[in-house]
Amino acid sequence: MDLRVDNHFLTVLVFSPLIGVAFILFINGRREDLIRNVAFITSLGNLALSLAMLRFFRLDTPLMQFEVAVPWIRQFGISYHMGVDGVSLLLVFLTSLLTAIGILSSWRYITKRVKEYMIMMLLLETGMLGVFVSLDLFLFYLFWEAMLVPMYFLIGAWGGERRIYAAIKFFLYTMTGSVLMLVGIVVMYFIHLDQFGRASFDLYDFHRLSIPYRTEMWLFAAFAVAFAIKVPLFPFHTWLPDAHVEAPTAGSVILAGVLLKMGTYGFLRFAIPLFPTAAHAFAPLVCTLAVVSIIYGALVAMVQPDVKKLVAYSSVSHLGFVMLGLFAFNLQGIEGGIIQMINHGLSTGALFLIVGMLYERRHTRLIADFGGLAKPMPAFFVCFLIVTLSSIGLPGLNGFVGEFLILLGSFRANLYYTIPAAAGVILAAVYMLWMFQRVMYGRADRPENRALKDLSVREYAVLIPIIVLIFWIGVYSKPFLRTMDFTVRHLIIEVERKRGGPPPAMEAPAPVELAPSGGE
Amino acid sequence: MIDYAWLTPLIPLAGTVINGIFGRRLPKFVAGPLACLTVLCSFALSLMVFLELNAMDEGRRLAVRSVFTWIESGTIKVDFAVLIDPLSAVMLLIVTGVGFLIHVYSLGYMGHDEGYTRYFSYLNLFMFSMLLLVSAGSFLLMFVGWELVGLCSYLLIGFWYEKKSAADAGKKAFVVNRVGDFGFLLGMLALFGVFGTLDFEKVFAAVRHDSLVSPWFADHAVPVHEALAVATPLLGLPLITVICLSLFLGATGKSAQIPLYVWLPDAMEGPTPVSALIHAATMVTAGVYMVARCGALFTASPDAMLVVAYVGALTAIFAASIGLAQNDIKRVLAYSTVSQLGYMFLACGVGAFAAGIFHLATHAFFKALLFMCAGSVMHAMSGELDMKKMGALAKTMKITAVTMWVGALTIAGIPPLSGFFSKDEILWSAYSAHLNGSETGKILYALGAAAAVMTAFYMFRLIFLTFHGKSRAAPGVHPHESPPSMTVPLVVLAALSVVAGCVGVPELLGRFPLSRWFFDFLAPVTGGGHGSAPAAHAGSGAEGAVMLVSVCAAAAGILAAYWVYNARPALHDRIRERLGPVHRLVFNKYYVDEIYTFLIVEPGKWLSSRLLWRVFDAGVIDGVVNGAGYLAQGAGAVLRRFQTGVVLNYALFFVLGIIVMLYLIL
Amino acid sequence: MDSPVSPKDLALIFPQISIAVLAIVILLVDFLFGKREKGATALFAFAAAAVTGWFAAGLWDLNGAAFGGLIVVDNFSIFLCMVFLAGCGLTIMLSPRYLDLENAHTGEYYVLLLIAALGMMVMASAGNLLTVFLGIETLSIALYALAGINRGRAASGEAALKYLLLGAFASGFLLYGIALVYGATGTFDLAGVAGALARGAGAGPLLTVGVVLLIVGMGFKASVAPFHFWAPDVYQGAPTPATAFMATGAKAAAFAVFFRVFLTALPALRADWAPVVWTIAVVTMCVANLTALWQDNVKRMLAYSSVAHAGYLLIAVLAGVEWGGPSLLFYLASYTLMNIGAFGVVAAMAGKGRLNETLDGFRGMGYRSPFTAALMTWFMLSLAGIPPTAGFVAKLYVFAAGVRADLVPLVIIAVLNAVVSVYYYLRVVVTMYMREPETEAESAAGAGGGFTGALALTVCAAGVLALGLFPGPLLKIVQAALLAAF
Amino acid sequence: MNAVGLNSYLFLAFVLFLVGVMGVLTRRNALIIFMSVELMLNAVNLTLVAFARFLHSLDGQIFVFFVMTVAAAEVAVGLAIIIGIYRRSETVNVDEINLMKW
Amino acid sequence: MLETVAFYALAATAVGAALLMISRRNAVYSAVFLVICLCAVAGLYVMLNAQFLAAVQVIVYAGAIMVLFLFVIMLLRADSPAEGLETLSFQRIFGFVFTVILLFQVGAFMKTAAPGAPAGGMSQEALAASNTEMVGELLFTRYLYTFELVSILLLGAIVGAVVLAKRKL
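Residue numbers (the numbering used here), protein chains in the order written: chain A, 1 to 520; chain B, 1 to 666; chain C, 1 to 486; chain D, 1 to 102; chain E, 1 to 169.
So that you can see chain A by itself, here it is in the shape it has in the complex (with noise of 0.2 Å):
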């Protein structure tokens, strides 16, 4: 490929967190909030490079952003290729969010080793900022596993009674399903080599491959396992509760929020612009497997009793919408399923956090330890219950907005899917406000309940941005959508194109006219 170096912008982006390590490393690990605080300003810097990308991103093409392109590792043809398109450009946002709040969140939560787990997160944030630019292969694998090690500390030495249990378990069965990904990688390697007689491992020039369709199939299945565990798709998904139960809150927010749309983003990215015929071969299991975990994470989520495994389980159904979505391979879908990547972090983020401030100030997490928490808390019941209804996918707040396109774009894709699936959106106010009617309402028979705080400032602080955004997607989706349509079209042209199958449906179906003399 031919390099070129636009600028630096994503690299500053990417390793800006790197900073704040480097000056936390020096700061005696005694002098706790200093170190709180240049994390929580490191992170805050990267929240405003994020939001200087979203000003000066352009909505009007298709093409990689701030593209970034030097060469590597020249005997493999690896380069530093880094790029923001429509796809990545609100995850990369989400991800430098998401970090600060957890940041903030943590502030009081984490008494113990603070110096250490501020570099965590830091570090997790790098890792997870160069997963959704990455444009070699190389180089996303190299991010893909690498922030698995911060997650993995984070549960581990932060977590709750089984962490290391958890941990361990988040590890492997991560790094199961990417080992297979990492040789599908291998094999493209040499598919290109023999091809092109030159070595490389970039995006731009995989997509130039043509693949024998059984190698294209098994490509696609290492890719497609990879990131099914990462989504979790059912029957993946058994890390995720552990994993999230386990977690501090910071640790869950990020892996809810962010962690499990490198799944999605993945197929998005990967698995289905590089494999389409595959991709489409393999859509109906997908589907269905998209459903069964959209039904079955809302049925198993109904009954936990403990808030966070409820909150893990809702996230198997809630990224089962995505993957419908993106699997419908239209414009809705596809784009249904981004803004719901986006709406899930958002919400189950918040979700978490919440939770989060339940545990700091009861120790628990059982929903039955709770109760009546309404009263001594009125502004936490406003903020959990705008954060629970954006799960349920109510119209107004953000979930609605991503869940109608999915079902759209599903619908017509294939309307057998969307049934059930829909169906999935009565069992997630089932089970959403069983649990928000057990936690908050009924009396506050405990004492202890009774004397609970309100919100602080800081607490605030972490919720109300979330919040916004929460409003915003769902009052004016418009936007958002807007900085992902032109990628989005782009794709589904190339995917159909390399598929060789008839020109995309895009205009389909013709928006009716208004006769001319009719109705008014």
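Hint data in this document are derived by calculation from the structure and do not stem from the laboratory.
Any given hint might turn out to be false.
[Unchecked claim] Taking lysine to aspartate or glutamate and the DMTMM-like style, the derived pairs with C-alpha atoms no more than 25 Å apart in a straight line are:
#	chain 1	residue 1	chain 2	residue 2
1	B	470	B	481
2	C	476	C	322
3	B	28	B	114
4	B	164	A	445
5	B	605	B	622
6	B	163	A	448
7	A	478	B	3
8	A	453	B	113
Following the hints, put chains B, C, D and E in place on chain A, whose structure we already have.
Frame of chain A, contents of chains B, C, D and E only:
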């Protein structure tokens, strides 16, 4: 003013935001009146919109005003747009009008509640949602309002959240509504699939003009009627029927029809003004409004219409029969609401959309009135709901008693109160309808008439038990009349209940200015003024007979109630004993809740908890995952035993290795 | 007859001469230093390794055979010499503190290390089965002694005995294999063997048996299953720095020989030996990784890990010259850095009279000695093959080579094994960061390693990072090395 | 040329080798095991010499010379180790030397 | 004829001594039988025109090395028959079985295999005539490198043996 119609919903929203954010810091005398004021503004605005619309030419009474684009993705573009036409103008008026009165009433009723501001912010939010629902310019935006009213319902039913029954009822309402919304959502998806748009006027225009559309299943453009006639897989029904039934499922959820009515009686856990506003006058009628709004679609599917009509008629009689045996004053009214909503659907089902809306309007007045009277009674009785513990309240609560009498007479259908006209319009439409042969209409009519008898009976049972006879109040309860903020709305509503009928008087009873105004005004939307059409061919004799039967039915019901509950108070115990199992069945609401619990809720819980979670998820799936780990560990445990520490054993394995290798290679 | 030695021959073996002579010099110089001053000997030994490395580097691109083909000095062997010497130097840096604590600090230790390094260098550049044999034996004898040098501990003697008995046993098989190959082809010369086979001479069951026995003999040194049983016991019993050298240098040398013998002398028989090696690779990976899951002794766990890595390395051997060769070299270089680092941390754990090799000693170390713990974590991640470490690039390269050679099933088995291995590597990390010490002794388990030790660990860690992020230069070197050599 | 063919020598050497192997596998005295290893080496030497004879090459004999030397060196180190072990644990039975296992 | 007789005699001696070596309970006897075996093999070396090696075998191997063995056996008092059979029975059974399997797996080839083409280029007679001389010459010309290498190897062995066996460091 139509250009500013979109402000109608937003003004109460502002009230919500102010009360919601600053609520705890605002003094009570600001928060409540502020909420009322916002609704009053909306009412004024609605009135101006209505007048402006009324002033337009009959054919041009349609305006769509888009504010901003909400969602845009490919071909789907949904604007935040309001649609102003006669139907929505009427609805706006009803909602804001009744809403305002109930807000005022609440000032008194909720005066001492500690959740005062929270209450008003919810109530304002409800006004916003309901106004959004009725003024929305597209299915999707309507769906937004649709869901939001459900939310408000959830919040307000569970307003006294410390009561478990209240919280449960709220959740039940929301979930059952969601089941309906599922249908609405599917219908909407299918509509988009066919029409490529969700804007009301575009969809209906396409249906009306039979335009070319390219539905998702066809690869070329086809006329609408062909597209809608396509048989759906699995069901085999024409697409339009499936769409209409899906939408209707949504309506049954919101408007508490069979099979999804179960949430409404429980919803009485909420404050009484809420019951009046949401669960009687406005929200529950959203389903009727939706069916009427989609009249163009429904008329295209006779099968769906038939279903609507039957569901309506059956609900009417079914709910009325339950109402006969309830002792909880609000529950009686709740079942009455379900029953009356059934009438409205019956009207829609027979094509008399305008009649349905007419009944909707009168019902809004008299049912709100009845609820608020009940609230006044409760207020007086320190929250007592059981009619068995009331009696003789007419002495102490004059205004309440009188207004409630008016309401009861109205709902019973005594001319010339409004209820008589609206109910009669429906019954006559049913009687004269030609659905699938004329017998169907007669059956529907019979069901409706029977329900009318029951209505009169249970209403007057309520009146006699509450206001007359001997006082059975618990000691220490001192009934007293309510404050003016509560009684004034009662009087206003009573007046409206009395006079509202005059805009929809059957031609049989004469013509005078505005006598058919309601039907004429709605005709452009509901299609050709169905309400009056049958008169032309069925003959006035039959219409007169129907009318007479109605009046007789009402009178019979009232007299029976008087006989049993006032004249011979001992009689009803004997009747109850005589009826035995039947009474128990009715008293227990046909055990429908129990059946649902037994068939759906419990198996669902069991399935999720025992089977899916503990057995399948933890056992099978995670078992496989952890099993892989254990397998590895187990294998390791076995393998490490080979490492005995004795060097000779190592040599043995060494030689064994060589033997195997030689075996492999030779 | 001409002079048997030409100047060129001498030039080519100059590093060997250098290290041998310096070893003797150190043996003599050692007498000058008292029992507590052996650090000075260490310094000399380090200098010897460094100087030799410098000489070896000078031979880059000379690519010639010496002594009638007994010795082949090409970039392949020079690269490996550098790896051995680096390993040797790092081991020397790790040693003084450990040996002082264990009361086993003698000058002979360093001499033996240097002689072992010489043996490795001979192995790497052996062009003849005789030199192969002598190289292996030079290495082995030095290692037998090194394993048993900590006479204060019974385990050390036991390690030496086990190593010796099995080593001699394996030598017998190796020799028998060499004899059969000689019988079939009439020569010990690797190129000669290849030539004879190319002419179609000698192929037959005897030769096949000979090849199997060669695999056995060299597999023993490389510690592949089922000839690996010695490794855990010996690694555990030997003084930790010596173990580090055994696990890295000796293994690297064994693979150098393996690679050279099988790909220079016996490529013609690939169809015969490839399935066997394939099977061995699978068995090695699985057995080692699964057994390692249970190890509570970190050193022993690392021993199993090194066996597992031998399994991965066999993929490189199977993959052939073009891709397998460079990946092998790269892997060996990375592996040397990370494994010496890991063993170095274990060595650094030792306290007076306590080795603290078990996991219990690592409890809470992440907060007690954060620097060492961080390094250990880093090495564990690298051994597990998590980016951005050298271990990741190395594994990727080897697996890529495997894919290139159509060994995809084998590669998949390998990557799954790598996942299993993550479990036990992370166990160390878990213990260091996520478990609190339970006894006094555990919380006192120190981690220092002394100045040189810490320096060595830092160098290893930096190397692991550098190779992980910027492997380019080294990749260039290893690819060039193979181009010139084969 | 020769009354006794190469194969006789080879087979004899092989048998001797196997006797050595059997010695290693069945004895527990470290010294005897060690002697058995010497026997194996000796068998290899015989093979080499036989091949050298029939290949008309001296390389085999040279190799044997080195094998002998190496064997001597191994014996030196090995006996030193065995002595060390014996000093500590008073045994030369290898099955009693199993501190490290699993 | 004579050669055949000699071969079988020496072969029988060698194998017999070897079997006795591995089966004696007393290590001293084993050592003695090993010496006999080594001498018999030395005889075979002579028959194979390797006189030099035969001499080395007798002098160095049977002489020096085995004496060292005997010395150590005496030193460690390892001559006492301390071995019990039962503790290692499974090891013995398998050891025996495996050896027999190996015999059958490979033995057959030993009887049929043929060496590669003669590579030395020297006649047997020439080799036989001055074996010692030629071996010596090769050692110091072609194999000079290995010869020197072995000296380092021996140095290592000496250093190792000293370090391991010295009573005090």
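Outcome of the hint check:
1. Among the hinted pairs, residue 470/B with residue 481/B is consistent with the structure: their alpha-carbon atoms are about 18 Å apart, no more than 25 Å.
2. With a CA separation close to 13 Å, the supplied pair residue 476/C and residue 322/C stays within the 25 Å bound.
3. A threshold of 25 Å between alpha carbons decides the hint, and for residue 28/B with residue 114/B the separation of about 10 Å falls inside it, so the pair holds.
4. For the hint linking residue 164/B to residue 445/A, the alpha-carbon distance of about 12 Å falls within 25 Å, and the restraint holds.
5. For the hint linking residue 605/B to residue 622/B, the alpha-carbon distance of about 20 Å falls within 25 Å, and the restraint holds.
6. Distance check on the hinted pair: residue 163/B and residue 448/A sit about 19 Å apart at the alpha-carbon level, within 25 Å; holds.
7. With a C-alpha separation of about 23 Å, the suggested pairing of residue 478/A with residue 3/B holds against the 25 Å cut-off.
8. The hinted pair formed by residue 453/A and residue 113/B meets the criterion: a straight-line CA distance of about 22 Å does not exceed 25 Å.
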